[in-house]
Amino acid sequence: MSKSPKQPSRKRPKGTEAAAARTASAIAPPDSEESTVSSPRRRFLGRLWLGLGGLAVVEFLWIAIDFLRPRTPLTASQTDIIVAGPVDAFEPSSVTAFQQGKFYLSRLADGGFLALSRECTHLGCTVPWIEEEGRFVCPCHSSSYDHTGEVLQAPAPRPLDLYPVRIENGIVKVDVGSPLRRKSFDRRQVTRL
Amino acid sequence: MAHNTEPGRGTHGRGLASRIVRSIFSGPVYPRDDRERKWVVFNHLILHFRPVRLPQKTLKYTHTWGLGGMSFVLFLLLVVTGIMLMFVYEPSAEGAYESIVRMQQEVFFGKLVRNVHHWSANLLIAIVVLHLLRVYFTGGYRTPREFNWIIGLLLLACVLTSNFTGYLLPWDQLSYWAITISTGMISYVPVMGDWLREVARDGPEIGQATLINFYTLHTTVVPVLLILLMAWHFWRVRRARGVVVPRSAAEPPDDGAHDRPQYALTLPDLLFRESVVALCLIAFILVVSLFFNAPLDEAANPGMSPNPAKAPWYFVGIQELLLHFHPFFAVVVIPLLGITALLAIPYLRYSDDTAGIWFMSHRGRRTAIIAATTALILTPVMIVADEFWLSRTALLPGVPSVVSNGLLPAAVLGAALVGFYRVSQWKWGASRDEAVQASFVLLTVAFLILTATGVWFRGPGMGLDWP
Ligand code: HEM
Ligand code: HEM
Ligand code: FES
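Chains as they are written, first to last, in my numbering: chain X, 1 to 193; chain C, 1 to 467.
Pulled out of the complex, with its shape left as it was, chain X reads as follows:
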């Protein structure tokens, strides 16, 4: 910023200057400027302080970031496994909603199972299953998906995510721990008896 000459320059009162000079001479030997600025020992100590200061900053940042990290459970808890029910409870070519697991269990015509996340892949709205139209239609921006989760209408960029399905002793179980992304529907994604 340029100061015009008209601006009254503020002089430091004499007393302060003298005091400043006194402190300076207490820290540095009065003989030369040299020794304060460029003596190797001073330089080393200066850098040491700088380094330690930097280290302290990094430590605090580390603590802060770790403290704020998303809280994820340490182990996959038992509650991640949702018992959907016996295989026969689901008709072929049907879609059943599971409120508590936040997924749909889709049984294909050939009897295979898919567990579809109910979260729209566009921006994350919850997609309802429209029985009459036989498809999922997102209320937010009109994406739609078929019963395998495949996109019928954009803007959704990819099919609905999947959850792994297991069938144990004729009981369908879904692991809602973490959804799986996919590029498109594929026969291998289906769990059969």
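Hints are not guaranteed to be accurate.
[What the hints assert, rightly or not] SDA-like cross-link-like pairs, simulated, lysine to any residue; straight-line CA separation at most 25 Å:
1. C:57 with C:298
2. C:60 with C:264
3. X:102 with C:408
4. X:102 with X:60
5. X:173 with X:186
6. C:60 with C:298
7. X:183 with C:398
8. X:102 with C:57
9. X:183 with C:298
10. X:102 with C:298
11. X:183 with C:399
12. X:102 with C:200
13. X:183 with X:97
[Claimed, not checked] Some chain C residues flagged as far from chain X (calculated, every beta-carbon gap over 12 Å):
14. 129
15. 187
16. 247
17. 366
18. 381
19. 444
20. 458
21. 460
22. 462
[To be verified] Computed beta-carbon distance windows for the label pairs:
23. C:349 with X:54: 28 to 38 Å
24. C:419 with X:182: 41 to 51 Å
25. C:194 with X:108: 24 to 34 Å
26. C:80 with X:182: 45 to 55 Å
27. C:208 with X:97: 40 to 50 Å
28. C:49 with X:54: 54 to 64 Å
29. X:186 with C:224: 47 to 57 Å
30. C:301 with X:92: 28 to 38 Å
31. X:134 with C:194: 47 to 57 Å
32. X:184 with C:426: 44 to 54 Å
33. X:134 with C:101: 48 to 58 Å
34. C:298 with X:158: 25 to 35 Å
35. X:65 with C:337: 26 to 36 Å
No lab work stands behind these hints: they were computed from the structure. Ideal Cβ placement from N, Cα and C applies to all residues, glycine included.
Please build the complex by placing chain C with the ligands on the supplied structure of chain X, with the hints as guidance.
Chain C with the ligands in isolation, oriented as in the chain X frame:
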């Protein structure tokens, strides 16, 4: 300066009460003449943010429109009402909505306080943006005020963050899904998008952790940042010896060499004007809050999305971009270019010193109007064309949509902007500065139209619709 000593009032023979008053206010409490008024401004913590006197011309209301001061008043209103809200509000996923309902129904003046907070918050965005435009069009960002423009942009970011984090707090359908949509946009950032979204939500989906984070940001972190930045902002205004001095296009720049500018005293001239603006603004907010309630939808229901679901209105412009461009361009490239352009404004090379002149010159005004009209016509036309006729993915089968729906249209629009810049120079004889200003106007108006379209003209399924 000579005002350091108390003018003319001894303390001999005073009673205890008056000595206590003296110990708090070491000078005159009610200044009676100009000398005392100067003393008061110079020696008070708050008033010392101002100079003792300032150029008479900068007092003109239509120079600053009082917008910076209005932003500050709104912030104060938000702090006062926000703290009151904190006594009633419960930052938990189970209790938040109910606490708001209780506030509206049972707490005395609960509705009014919430309304004042709501309307101040929303008006603040509009006023701050108008302030930005005022500063831009009067050249208030030119040397030596470049860095204050940057501080201003940081303030703008804080105001937006405040509004965004506050939006979630009522925990109704509106807030839940608006925040879902907005944080959903983050996941289109390449490579780290999902991680960023997870950080923003503090988990895979919006829940208790999100709420408590937003609450802490909203009620502590951002307000503290705002206070620090505002102090810095005001200090820089002071260091630049007040706001830029207005002049007409014919007048030479104010470098103090020509003639001594006429000065006015901060007290009473500036402070009285500021108080009038502040009181009118507060009255306006109170009246609006009496008649219009802050919206409150049903309680948040993660199982049922509303139709359509929109981001908060100040982010709807970006959501609108998402309807026209590949997500990588809508969410990352275009916003980053916009932010870079805003940051670059004070550091571009300008050929003339036009600080203090509205729109730089007569020609500047004309080119700005042409630019605004162009954007006003072309943006809606392009939105409608893109909605109904143009399907680039269908036109260019086999080309990845990042190119056909991102790079290609973005490049075409970029070329159009450069073309506009050149035409404004050749055809309308704009100087380089004026051409830059015209481009700024073009982009600003286009963004405002995108926002208006998103807010009013998007119906169910985000299809175009009449409001
Ligand atoms: C620039 C400053 C601020 C802005 C822009 C802002 C914005 C907002 C917004 C938009 C809401 C949602 C209100 C609604 O429409 O329902 C809100 C709510 C809230 N804000 Fe602020 N706020 C600000 C400062 C503060 C401060 C300083 C506090 C407290 C110290 C605070 C406390 C609250 C509380 C407790 C709520 C929840 C109550 C409600 O939603 O009605 N705010 N704020
Ligand atoms: C909470 C937000 C803000 C507050 C409270 C605020 C407040 C103020 C005030 C009181 C002034 C004195 C003159 C006037 O009233 O216009 C001022 C000047 C200024 N503001 Fe802001 N401001 C804010 C945001 C911004 C933003 C977003 C920008 C631009 C990006 C900005 C850039 C400037 C500049 C460059 C000046 C000096 C202008 C001149 O000398 O003419 N401010 N601000
Ligand atoms: S969130 Fe489903 S279409 Fe946008």
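The hints, checked one at a time:
| no. | hint | in the structure |
| --- | --- | --- |
| 1 | C:57 with C:298 | violated (52 Å) |
| 2 | C:60 with C:264 | holds (11 Å) |
| 3 | X:102 with C:408 | violated (39 Å) |
| 4 | X:102 with X:60 | violated (38 Å) |
| 5 | X:173 with X:186 | holds (20 Å) |
| 6 | C:60 with C:298 | violated (47 Å) |
| 7 | X:183 with C:398 | holds (17 Å) |
| 8 | X:102 with C:57 | violated (64 Å) |
| 9 | X:183 with C:298 | violated (36 Å) |
| 10 | X:102 with C:298 | holds (20 Å) |
| 11 | X:183 with C:399 | holds (17 Å) |
| 12 | X:102 with C:200 | holds (21 Å) |
| 13 | X:183 with X:97 | holds (23 Å) |
| 14 | 129 | holds (25 Å) |
| 15 | 187 | violated (8 Å) |
| 16 | 247 | holds (17 Å) |
| 17 | 366 | holds (33 Å) |
| 18 | 381 | holds (22 Å) |
| 19 | 444 | holds (26 Å) |
| 20 | 458 | violated (9 Å) |
| 21 | 460 | violated (8 Å) |
| 22 | 462 | violated (4 Å) |
| 23 | C:349 with X:54: 28 to 38 Å | holds (36 Å) |
| 24 | C:419 with X:182: 41 to 51 Å | holds (43 Å) |
| 25 | C:194 with X:108: 24 to 34 Å | holds (29 Å) |
| 26 | C:80 with X:182: 45 to 55 Å | holds (52 Å) |
| 27 | C:208 with X:97: 40 to 50 Å | violated (24 Å) |
| 28 | C:49 with X:54: 54 to 64 Å | violated (35 Å) |
| 29 | X:186 with C:224: 47 to 57 Å | holds (52 Å) |
| 30 | C:301 with X:92: 28 to 38 Å | holds (31 Å) |
| 31 | X:134 with C:194: 47 to 57 Å | violated (31 Å) |
| 32 | X:184 with C:426: 44 to 54 Å | holds (51 Å) |
| 33 | X:134 with C:101: 48 to 58 Å | violated (39 Å) |
| 34 | C:298 with X:158: 25 to 35 Å | holds (31 Å) |
| 35 | X:65 with C:337: 26 to 36 Å | holds (29 Å) |
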